[in-house]
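From first to last, the protein sequence lines stand for chains A and B. Under our numbering, the first residue of the first sequence is numbered 119, with each subsequent residue one higher. Under our numbering, the first residue of the second sequence is numbered 826, with each subsequent residue one higher.
In short, the hints are calculated from the structure, not lab data. Check the hints yourself; a few may be wrong.
[To be verified] Where chain B lies over chain A, by a calculated footprint (3+ residues, C-beta under 8 Å):
| # | stretch |
| --- | --- |
| 1 | 216 to 222 |
| 2 | 340 to 354 |
[Stated by the list, open to error] Taking lysine-lysine and the DSS-like style, the derived pairs with C-alpha atoms no more than 25 Å apart in a straight line are:
| # | chain 1 | residue 1 | chain 2 | residue 2 |
| --- | --- | --- | --- | --- |
| 3 | A | K181 | B | K1010 |
| 4 | A | K351 | A | K417 |
| 5 | A | K347 | A | K160 |
| 6 | A | K160 | A | K181 |
| 7 | A | K302 | A | K347 |
| 8 | A | K351 | B | K969 |
| 9 | A | K324 | B | K1010 |
| 10 | A | K181 | A | K347 |
Virtual Cβ for every residue (Gly too), placed ideally from N, Cα, C.
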Amino acid sequence: MRLIPLCLAMLLPATAFAQSAADTAQSAVTQHILPRYEAMAKAGATLAETAQAECSPDAPALKAAYNDAFDAWIAASHLRFGPSEAQDRAFALAFWPDTRGITPRALAALINDADPVVRDPGAFAGVSIAARGFYALEFLLYDPEILAMGDAEYRCDLVRAVTADIAALSADILADWQSDFAAKVLSPGQGSPYRSDEEAVQELFKALTYGLEFTPDTRLGRPLGTFDKPSPKRAEAWRAGRSLRNITLSLTSLDDLSGILAQRDPELAARLQDAFQIAIADAEGLDDPILAGVADPLKRLRIESLQQSIDHVREIVRDELGPELGVAPGFNAMDGD
Amino acid sequence: MASRRGFLAGLLATGLAPAATWADAGAPRWLSAAGSPDGGFALCGIGEDMGLRFRIPLPGRGHAAATHPERPEAVAFARRPGTFAVVIDCAAGRQTAQLAAPAGRHFYGHGAFSLNGRWLYTTENDFEAARGVIGIWDAQHGYKRTGEFASGGTGPHEIRRMPGGDMLVVANGGIETHPASGRSKLNIAVMQPNLSYIEDGVVVEIAALPPAMHKGSIRHIAVSHSGEVAFGMQWQGDANGPALVGLHRRGGAVRLCTAPDAQLRAMQGYIGSITFAAGQREVAVTSPRGGLVQMFDTASASYLRSDAMADACGVASCAGGLIVTSGTGDLVRLGRDVAQVAHPGLMWDNHLVAL
């Protein structure tokens, strides 16, 4: 009689883990990933339609549609695997950071040559990824130098081409998830890039980790630079006034994914949520939409404090959520060199 | 051994000893950086028996080392984006000097000496210009910094001297990073890795990958006696990439090594170290992520076999086989005389450098 409960106790954790890895993947796909890509495809389509109706950079409806679609992208921007990576779709939607200023140069080349590629949607998908997506559109809608180039009619065509391309990329990512990739994540093994539910969950964990690295290191790290040499003009999407907004949206979305990945351990899930709430509150309290404060010693301190709050989340994710999901990489395995 | 080392060190200290040579170092056969559980870092000398010969504290996490061609001297480098390098007297097992990367530069963790040992070359990041450079240091005058030249690409990582002369070969990984963004990769969409051959500070040949492979960051290289370069990549795209190992000879085309799907996938897109082995007919690569050591045949550029080893990374050839290091603290000899020595309290870090 005594042996049976003991055997059960030994068997249960493995079984429970297997079940819950599948459950975790299921929740992530249905509650986190698909809704985000649906929102992105919808907002992308609206953006393209709006640009067809009104392509002037002064049109409030166009800017509103742009910001809605950009919001939807940011909420999905950490999901860098599968359909988003096929044909470099995510890079074509979001070529940033642009450390060498390729985007304005690529746009200037198109405008100055009045390149007819903008009138052929199929061909436009073949132009440099730096001239496509949300960051190229930001220049077309907000950058005074680009707005003064060439003629308004050509720039209008270019805005329409970029928005149609955003809509097509967003629709393609969603279509691939719906028709194919969701099943691959949910049914690992033969025909799937994942050999097990655990591997699928580890991919989701990597997405969370990627987002938690990108936001503090790149969205905040690039404008922060060093104390002696801050770089406010390296803030993300500052021309559109979205630098801080992107950080808040990203954190909110990562909070959602982290809650799903930690669902087996309510205590850990709660602690992660608390840490996220502190970071989100820090971001909301900044009142500095383009992070101009990086160049002001006092305001800079608060931006660094936000960075530390996110790094705190990152530590919990790495040290506690990782091992919980079977991701406990070795000294060299996690090195990346 | 300890008494011999003490004796040598004593002689050196009195200045009575003739100039030391590699033969005098006797004990250590390999060098490896290591971490310890308390968060400290060290550079260690390892003997033929895989025992510890010396342990020198490092100011931060190390990566690889360059060995002087004549003296028992090595320079160990900080892991990127570190800025220190330490000069080690391997006979005495002590640090003799420390170098610092110039302002606006950081080390990538590797370096190489000129044929006569006069110059040390280090891979560095000129991060404001996002340009890879090779720093030049004068080993004859206290490792004074004397200049630099372009590495031929972005993100230069391992550098080696070609046999019989002073031509250098550099693995330009292609990835742009900036210390303000930690270790985040800033240019994956447009990265262009290459192998650059450099003579007298001038790039004389660049071997690039086919366009579909532009996300294969060429990170680590080994050079055979006959001048064949083997390289290990780290795949920066989705999934695992089409190949992780390649071979190149000057004037020829890159040969990508083939492996069955399951074996390719098992490496998880990541090669940590590479070396020629088995009389240079084979290439050994490690993947700490996959926990594997894989062998490839150089003639056919194809996969031969795998050995499993948790967190395997550093690898060097030895008589009859290979020595592999692990972040678990294990040193394993594979091949003719299989053996394993555990070093509890040490996490072997990235590279095993043959002395």
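Against chain B, does the stretch 216 to 222 of chain A show at least 3 residues with beta-carbon separation below 8 Å? holds (count 3)
Under the criterion that the straight-line Cα-Cα distance not exceed 25 Å, is the pair K347 (chain A), K160 (chain A) satisfied? 41 Å, violated
Hinted pair, alpha-carbon criterion (25 Å max): K302 (chain A), K347 (chain A). Please report holds or violated. 47 Å, violated
Under 8 Å between beta-carbons, do enough residues of the stretch 340 to 354 of chain A, three at least, approach chain B for the coverage claim to hold? holds (count 5)
Please work out if K324 (chain A) and K1010 (chain B) have their alpha carbons no farther apart than 25 Å. 15 Å, holds
Tell me if the straight-line CA distance from K351 (chain A) to K417 (chain A) falls inside 25 Å. Roughly 16 Å separates the two Cα atoms, so the pair holds.
Does K181 (chain A) lie within 25 Å of K160 (chain A) when you go C-alpha to C-alpha? With a Cα-Cα distance of about 16 Å, the restraint between K160 (chain A) and K181 (chain A) holds, given a limit of 25 Å.
Holds or violated: K181 (chain A) and K1010 (chain B), Cα atoms, limit 25 Å. 30 Å, violated
Between K351 (chain A) and K969 (chain B), does the CA-CA distance stay at or below 25 Å? Answer violated: K351 (chain A) to K969 (chain B) is near 37 Å, above 25 Å.
Against the 25 Å threshold, does the CA-CA distance of K181 (chain A) and K347 (chain A) hold or violate the hint? Judged against 25 Å, a Cα distance of about 32 Å means the pair is violated.
The structure is inconsistent with the numbered hints 3, 5, 7, 8, 10, although it conforms to all the rest.
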